[in-house]
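> Heads up: the protein sequence lines correspond to chains C and A, in order.
Quick note on numbering: my numbering labels position 187 of the first sequence as 187, and the sequence is numbered without any gaps.
Quick note on numbering: my numbering labels position 179 of the second sequence as 179, and the sequence is numbered without any gaps.
Everything labelled a hint here was simulated from the structure, so no lab data went into it.
Beta carbons: idealized from backbone N, C-alpha and C, even for Gly.
Errors might be hidden in some of the hints.
[As the list claims (entries may be wrong)] Residues from chain A that face chain C, not an exhaustive set, calculated with beta carbons under 7 Å:
id	residue
1	E205
2	I206
3	A214
Listed below are the residues making up each chain.
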Amino acid sequence: MIRLENVTKAYSNETTALRDVSFDIPKGEFVFLVGPSGSGKSTLLRLMNRQERPERGAVWVAGANINELAESRIPYLRRTMGNVFQDYKLLSNKTVFENVAFALEVIGKPRHVINQQVPQVLDLVGLAGKEDRFPNQLSGGEQQRVSIARAFVNRPVILLADEPTGNLDPATGEGIMSLLDSINRFGTTVVMATHDHRVVNAMRRRVIQLDRGVVVRDQERGVYE
Amino acid sequence: MFQRVSYALRETFASFKRNMTLSLAAILTSAVSLLLVGTTFLIQRAFDNLLVQWRGDVGMIVFVRPDAEDEQIKFIEESLRSQPNVINVEKLVYLDQSASFDEAKRVFANDPTTLSLLTVETVPSQFKVVPITTDTVLVRNLADQYQQLPGVQAVSLAEDEFEVISTLSQFVRVVTIAMSLVLLAVAVVLIWNTIRTAMFARRREIEVMKLVGATNWFIRVPFMLEGLVQGLLGAVVSCVGLWGLNEAWTSGVAGFKPGTGVSSLVVPGSYVNGVMIALVVVGALAGAIGSGVAASKFLDV
Chain C
1 MIRLENVTKA YSNETTALRD VSFDIPKGEF VFLVGPSGSG KSTLLRLMNR
51 QERPERGAVW VAGANINELA ESRIPYLRRT MGNVFQDYKL LSNKTVFENV
101 AFALEVIGKP RHVINQQVPQ VLDLVGLAGK EDRFPNQLSG GEQQRVSIAR
151 AFVNRPVILL ADEPTGNLDP ATGEGIMSLL DSINRFGTTV VMATHDHRVV
201 NAMRRRVIQL DRGVVVRDQE RGVYE
Chain A
1 MFQRVSYALR ETFASFKRNM TLSLAAILTS AVSLLLVGTT FLIQRAFDNL
51 LVQWRGDVGM IVFVRPDAED EQIKFIEESL RSQPNVINVE KLVYLDQSAS
101 FDEAKRVFAN DPTTLSLLTV ETVPSQFKVV PITTDTVLVR NLADQYQQLP
151 GVQAVSLAED EFEVISTLSQ FVRVVTIAMS LVLLAVAVVL IWNTIRTAMF
201 ARRREIEVMK LVGATNWFIR VPFMLEGLVQ GLLGAVVSCV GLWGLNEAWT
251 SGVAGFKPGT GVSSLVVPGS YVNGVMIALV VVGALAGAIG SGVAASKFLD
301 V
């Protein structure tokens, strides 16, 4: 589903964000990217949804080298992926329903599809009945659920999550993890960057560990260490 | 489709409200610049009316009495043709009475009093003479000579009639075109800035839109619409101003005595309408294209 071949990414300030990174993520897998801040986890995710391009190497998603994709095709690549962030990136002037509907609206889905899919996904993430709340009327965990609903409403084949539990207390984080786990069970490939020991150790999934831009460990059913 | 249109309209309106002051500045600047552009066209047209008889380097006009005999006309023409050192024989043109009447209709377009005194029968026919020499004394001597010929009503020299006007017209043209170009540039910069501010205000939304796979066109269209509306509103304001200016000018000129030539400075309404349509098109295009370019530039994340 996702394959990186000898990817090197450098930023202009001469620091190398990623050096010669290669790995293969099969369809339906759940992968943790772990490592300290600045080790290149977020950069990896940004390469996968083509927010950035590597200096060297290739990034393959669903059989296509996305760095050779025409600029006009990128929106269609992104429609196959969901993105979840540490800071949720919700629109504060829109309600829960509108935030999720927005993702379908801007890719041109008709109203009747929106009215059918949004309640379904809100139900899935456990926010049924809170459609008309605004983000600032919700707890952090609930806000993250909205953002997961928005990422998942279009049934993406890949979900990229950047520190989704980073702002949440352990119990709430656990809830978010079980939600991501069930999304993974629907067949969605999940790639999650984190430095939250507990969730990694509790889940026992594949762990790719980075240190200063280099893969230092790639382990099935791993722990954080 | 309806979904997208209503989305774009909603966003355009919301953004417009959010950036009210900047939008107003952009609208007013484009209005003033377009008004200047329009005024330039009207002034040119007014001067053109005045100079219509002198098109194509005509330096001297011999007006022939309406009751002149054919032999007299022939004699005038032959004597003109016998002066190849002074006049350009190739370019000698004779306007018969009906052609002269057509021309008079243009010159006196807004001087119905004078025009009503003229008919195809009473209008003088004319020889348009293009001098070949730059020696004005020679041309003037020739004019004096023809003044005496039988059948000649009058001889007009370009020098006396319009050299001042022509110089003035060129000067006004240069100044107004330069000013309107500068103002048009200012208007585009202001529209550009409004769009940049609008996009900055919505950067989170744009980020989300890009991440969920909205196409660049989808993101761009509301901003282009906003720019288009600004340009369009500016153009409408400038049209109102232009119309008012022309009305004031027309009624002002009507106060002059008929036949002084000043009355031909009036611009016909159909021409004003044409200029106004052009302004609306230019305003809308400048707004839409300017903001489209701005939106594309700031979409590159």
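> What are the numbers of the hints the structure violates, in ascending order?
2
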